[in-house]
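Asker: Listed below are the residues making up each chain.
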Amino acid sequence: MSFLEDYAYYFGAFGLIFIGLLIMLVKHNLIKVIIGLSILDTGVNLFLISVGYISNGTAPIFCRDDMDPSRMVDPVPQALVLTAIVIGVAVLAMALAIAVRLYQRYGTLDLRKIKELRW
Amino acid sequence: MVSPVLLIAVPLGLAFAMPLIALISRRLPRFVPLVACAFNLIVAIRLIPTVLSAPVIQRIGGFSPPFCINLFAGPVGVMFAGLIALAGLVIAIYALSYIRTGPTVRYHMLYMLLLVGATGVVLTGDVFNLFVFFEVLCISSYALVAYFGDRNGLEAAAKYLIQGAVGSALLLMGIGLLYGLFGTLNMADIASRIGSVSDISVFVPLALIVSGLGVEAAIFPLNAWLPDAHSSAPSSISAILSGIAIEVGLYAVVRMIFTVFGATSIFMFLLFLGVLTVLMGELCAFAQTNIKRMLAYSSIGQIGLIVFAFAMASTISLAGGLFQLLTHTLSKALLFLAAGYMIHRSGSMEISSLNGMGRRMPLTSLAFSFGAFSIVGLPPFIGFPSKFLIVRSALEKQQTLFTLLLGFVLLGTLVEGAYFFRVVQAIYFKKSGDEPASRSLAPALPLISMLILAVLIIFVGIYPQPVADALSTAASDLLDRAAYIGSVLR
Amino acid sequence: MDRNQLIKWLEAPAKMGHKYSLHAVYFCTGCGIIEVPPSITARWDAERFGVLPTASPRQANLFLITGYVSVKTLKAIIRTYEQMPEPKYTVGFGSCPINGGMYWDSYNTIKHLDKYIPIDGWIAGCMPRPEAIFVAVTHLWTLIDKDMADGYKRYRKYYSQYRANQEKVLLGLEWPPLFPIEAG
Amino acid sequence: MRIVWLFLSPLIALVAGVLLLGLSRKIMARIHWRYGPPLLQPVIDIIRLFSQRSASHGILFDLGIVVSLAGSLIITLFLPFGNIAPLSGSGGMLVILYMMLIGPLGIALSGGESGNPNASIGISRNLMLAIGYEVPLLMVLLAVMTRYGTISIVEIVRVQQASTWSIASWPLVVSGLAYLLVMPAMLGFRPFEVVQAPQEISSGPMVEYGGSYLALVSIQHALSLYITISLFVNLMLGGSGNIVIFLFKMLVVFVLFLFVNAVFPRFRIEQAVRYLWRWPTLIGLIGLVLVALVGR
Amino acid sequence: MMVELLLIVAFGGSLLTYVLGKLSSRLRNGFALLNALALVIMIGMLYGQEFERSLPFGFLGIQFSIRMNMLSWFFAATILGIGLLAVLYSFRYMKGKERLDYYYFTLLFINASMLGTVVAGDLLSFFIFWEMMSWSTYLLISLRGGGKAIFAGIKYIIMSLVGSLAMLVAIVSLYTAFGTVDIGELAVHMQSASLGLALLVVILFSITFVIINALWPFHTWLPDAHAEAVSPFSAILSAVLVRKGLYGLFLLMYVILGFSFLDRLAVGAISFSNVLAWIGAITIVFAAFRALLQNDSKRILAWSTVGQGGYMVLGVSVATSMGMAGGTFHILNHCIYIALLFFVAGAIEHRTGGIRDLDSLGGLIKKMPVAFVGGLVGIFGLIGLPLTNGFVSKWLIYKSLILEGRPFLAFAAFLGTWGTILYGYKFIHNIFLGQLPDELRDVKRVPFTMAVPIMVLVVLVFLFGVLPGIPLSVVNQVGTYMGFEPLDLNVWGIPSESGTLNVVNLLAAIAVAGFLVWLLFKTLGRSTRVDQSDNYAAGAAIPRGRYGFTREFYAPLYRIVSPYVKDFPDALFLWIADRTKALGGMTRKIYSGYVGSYVMYIVLFLAALVFVQLTWSPW
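Protein chains in written order, with the numbering used here: chain A, 90 to 208; chain B, 6 to 495; chain C, 306 to 489; chain D, 1180 to 1475; chain E, 61 to 679.
Be careful, since some hints might not be right.
Dumping the calculated SDA-like pairs for lysine to any residue here, alpha-carbon to alpha-carbon at most 20 angstroms [claimed, not checked]:
| # | chain 1 | residue 1 | chain 2 | residue 2 |
| --- | --- | --- | --- | --- |
| 1 | A | Lys116 | E | Tyr654 |
| 2 | E | Lys626 | E | Ser420 |
| 3 | A | Lys202 | E | Ser677 |
Only some residues are given here: those of chain A computed to face chain E with a beta carbon under 7 angstroms [unchecked claim]:
| # | residue |
| --- | --- |
| 4 | Leu111 |
| 5 | Met113 |
| 6 | Tyr142 |
| 7 | Leu200 |
| 8 | Lys204 |
| 9 | Leu206 |
| 10 | Arg207 |
Since the hints were made in silico from the structure, they are not lab data.
We treat Cβ as the ideally placed atom computed from N, Cα and C, and that holds for glycine.
The shape of chain A in the complex, shown without the other chains (with noise of 0.2 angstroms):
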């Protein structure tokens, strides 16, 4: 079990990265590929997190004497994945902002039918 304890995390992590990059590549509807894309997001951002996650671990302070250095959370991805989902959060707005304007251009979502641009 405590290999699944361990990596439990990153199964998590690896399966929303698949599950999203399958939404993007199999979904024609353009809010469902940024759904996928948030998807992907957080996938991202829960791998960061378990990178530097240590099951029973605690907080990076030296508050008490005793604190172990080696059970402590690696405080480092957390920082990242905050600036990360801060990102992905203004990319993911930028992302339905263009969507809403697009689908008054088009009249449509669906990314099959936006192909005005290509060769």
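Guided by the hints, dock chains B, C, D and E onto chain A, whose structure is given.
Answerer: Here is chains B, C, D and E on its own, set in the frame of chain A:
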């Protein structure tokens, strides 16, 4: 002693101050990018003599590397920063009169953010920081591509965004893996430890990062967004995207591969990829009838050429690649700027609508042909020394493979020549259809910006020696991992 | 070739040339031409008299009009005659050129050819035999000797009359006058 | 002596050429079972022509003829006649080859100026026929020059007299055969009489010539007969040190081709060129290859 | 400093011409002429000097240098001479046309670049000038506008680009091998070069020079370009620009490599010079027959330029002093008479309102006597009739071929000459002879400033034809510079044991014979001038408008040869261009416009990376 932080901080501050400035006067924000870029340019030029002797390491937050986020202002970084500032300045001048409609304040703000992102990417010494700056660059360019809010712009922006987001997700994943492996995000630190783990475990982040950055760098086949975005964006943005954004992406790829991973074995792969990119880009461009799409595909071809040069990984080839990068920035920017006004005048992006443009807009046409000649690599324009260096480096390998690949690359150049000369002919020698050949110049400001670029193109083309010297220093900086690690982890 | 003739030739080589080198343009106007091929081929061999068919009037000095002359043909005859270099000799062959022959009452046949171009000699008959050509040639020799084959001079002298006749029957000519026509 | 020959040899050539012309008419007549004109009939013709008044079409119309005749006259100075070749030291075979152009070219320019389409057709046929027979002829001449290693015709004649006639020596016999096949075309004899073709295009380039023009052209024609045959005799039959023997050789060759002339009908120009580019060229090529293989 | 000054004057003059053109067209014309004249005078002063020195600046660490010797001087003199005449000619020809400033600027700029190529002392500056020459030429070819001219321009620049890329690779490989591109130093280094390198360099350079020299099978750009350019520029193109290819060959074969070295590259009979000679031979015959099929006055001349290039290459590749002299002299001669012919064709074009179609011209001898004399003399030179300059050089070439035992090559050369006669006569006949069409009744004479260059060149054709010793002494010095024995010369020709040439004898004979015949003709003949309508037409009066035979002048011959002399290389190149475009059309289909597939590409790229890693594990 100026600090490289200023290169990022000042424009960033100005960008966010833009809405405030707009409160003072609606006319003022237009000049802010000008000021910022001029400032950056001056700073970069001031920095160059310093960094040529030794790179400036700017630590942020008081820690010392590898724990802090550091800026590494080496020759390459500063040169790129200078280049970005230069291109930014010229295009800002152009945009003064080109961008008149729409939310202009936001345009200038996003434009500044784009430049900040680009400058950040080239100056940073931290992997995650790289990602952040990249996202700044990307998000602002998504928005800028859709600036006019027309059908094509929005479609291109949507596609660009989706691909860009996938790319950054991959990049982020790669960075996460790197961190998982080494527990550090400092490039120099990672570089110094990269040998300590097995090849296969380095490979996965490498593959992810190369694909992630490759999307932005428009390496074939990750470049599907490029023709759409470049052709649909406003011409000033096309110019900056072509001239700066993909270059910065390339820089990032090169920095990661050369300095961080030191992965010499991927070069062969990149070599073939570069040749393939050249051929794909040029062939697609050859079949185009839309001028901006043609220029965009030509950018792909140029990227291929630069990748080819970088992948040969010798001092000369790197210098050649950097030189080609410079060439591409200046020439393609010039081409897009000139094409922008010609399109503005004729109202269509079809090449056939440019017929007889040489009489209607003589100076703009002249600028366009300078750009075209330069891209093709004809002396005495700037394209020639760069092509010369690339050819020289390929031949100095003294291997049949390289000579053969060079042959393919030159084939690509030939095709490039074919379609560029076609356009130049259309501009000068074809009779325009119905419109009487009245002469009208583009407004003065765009002309000034084009003139600056044209003069630079010719001047460096005639006298490339100082640039080449500086670039070969930069190239050895890129190649010399030990020096990099040493100077950061001092 | 007796001695006297030799002396005469030395005196007037041109005349000798005109006599013994009659290059003919056989103008195939009508049936008369049928007698010409026998005369120049092996049966009668005109070449021994120096008579040789030529392809172009420019090279010829003998004009043999063989057969009836219609109005339309007359134009070609005049043109051909005018293009021949002087001195030039004209011979009408058969009765038709002389007086219209059996077409005497045709509206479209020229009855008096010598109203339109000068004729130096006639060969009567319908058809004349090929021998008659040689008779004509020898007669022409004597005429040349006596300077009596002067059709071309007459043409020059009375050109305005000839031209007037020609224009009358042909209702105008397409080419300018060969010689200047004095007013009146 | 050389000065005398300078003026004498064109004259001799002229006389010989005119005689050949007369002879040809006589012999042709005999072959046709006719009596034929007197031997001097060409002379009479020329005298007659000179005495006629003729039409001129312009300056070039006059000049072309003059240049053509002058060019033909000069070639006789380059061709060894017996042992005499007053100007052979001024350029050799190559000059002869080029000077042989002047005759047809002069007539072509003059005839072209006349503006008569028959003349133009004749000239175009003349030039086409020329390129037709030049292909095998050049092969033959190059074979001879390469074989003897010189471009001087006097030298070629000398070597032949020292050893044996070209046409009787081993590799050159093939070339000689090709030369024989193209000779009628060079002489303008049937079956290659397409240039003048009196019945068809009214004697081609000469259609507008009358009077003195035709006289000069006749003289030129006579000279070119002489030149063509003399070249053949010099190159293939070893020339001769003796003028009489030389003329006799010429006569033999001439009569030979007269027989060909008398019995053949006429090719169309296309057929002529096709023929010339097939058999004579093939044989000439074999000859040239043989010479190249055998060497000097 | 003279050479530097020369270049400065040449380039500066071209720029200044443009600037002055903005002020006044008169000033511009005057200055252009003055500039060209000054250059001619300066090059005249440089005669016989020989030096080589490096310039105070360089390019990417490579020192530029310039050299002046007889070879350079020879080519420079032809360039500047023809340039002067072309400028003079342009005044009237280009009058009233658009973009004259641009025209004069580009013309002078091309001349300056060509001058640069011949005085360049190192291969890099040679290349730079070469490229400048290429693109400026491209800019001028299409000046006339219209589909054909544009096609010609693009064809030229693409082929030229192929050439220059090949040359770039060659030069850079020399540089990487020896660390220098100085011609003098390379000549020393090359003697110790490996055969592989030498072969590569020779092949690449030859591609370039064969392309620019328009030898078969890379001739295809030339007929279009020369026919479609404006006539003064066609003259420059044909007379001097194309011959830069030969200059390059001279440099490569004799100055840099040396003939003995070239011989080492031979495999059996396949040696460089043999291949070159055969290419020349094929070019001659092919071009001659192609020219026959043309019906455009300038296109005929353009094809003749192709063919004449073959003669020069033949002469050069024989590599005896006689062949060299012939080839080099032929460059000069061709430059004279082809410029003359293009000037004539241009004059016709100018006066008839742009008619180049040989079927619609005729009878212009009466209207444009100067043009006629020019055309006739030019064609005579082209054919190489005795007393014209073409004769002497062709004589030298033929003779060297025959004496070297290369009868097949000589045969090709001769055959080409006969083809030349055919199309040359067609040129003369269809333009000047025959009947004057009604619509050309009021064509005016050649204007004075156009007649002057024509007459100058006419005089030169005869002068060099009658006194070939004068130019040949220069040619001799060129040969000596390249390491050949000087030819034994007189002012009137070449005395030599295996066949001498004495042009003065010829002149005397022709003069005397011509005089005698003329006398005979004048005393005995009497003739009257007749009108062109007084013409034999089987007794009919000829039609007023037009009565001539010009259309399909050599129709029977066309029918025979046209299946065999199709322009196969041209068709091949066009096919390649077409296929490339189709390929581009196909490849760009991968950018399908559907985002899902784009994302797929990213994933696939990643997969490919993984696949490569797993299969070959390079990382």
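Asker: Which earlier hints can't be squared with this structure?
Answerer: Hints 2, 3, 4, 6 are the ones this structure does not satisfy, whereas the remaining hints hold.
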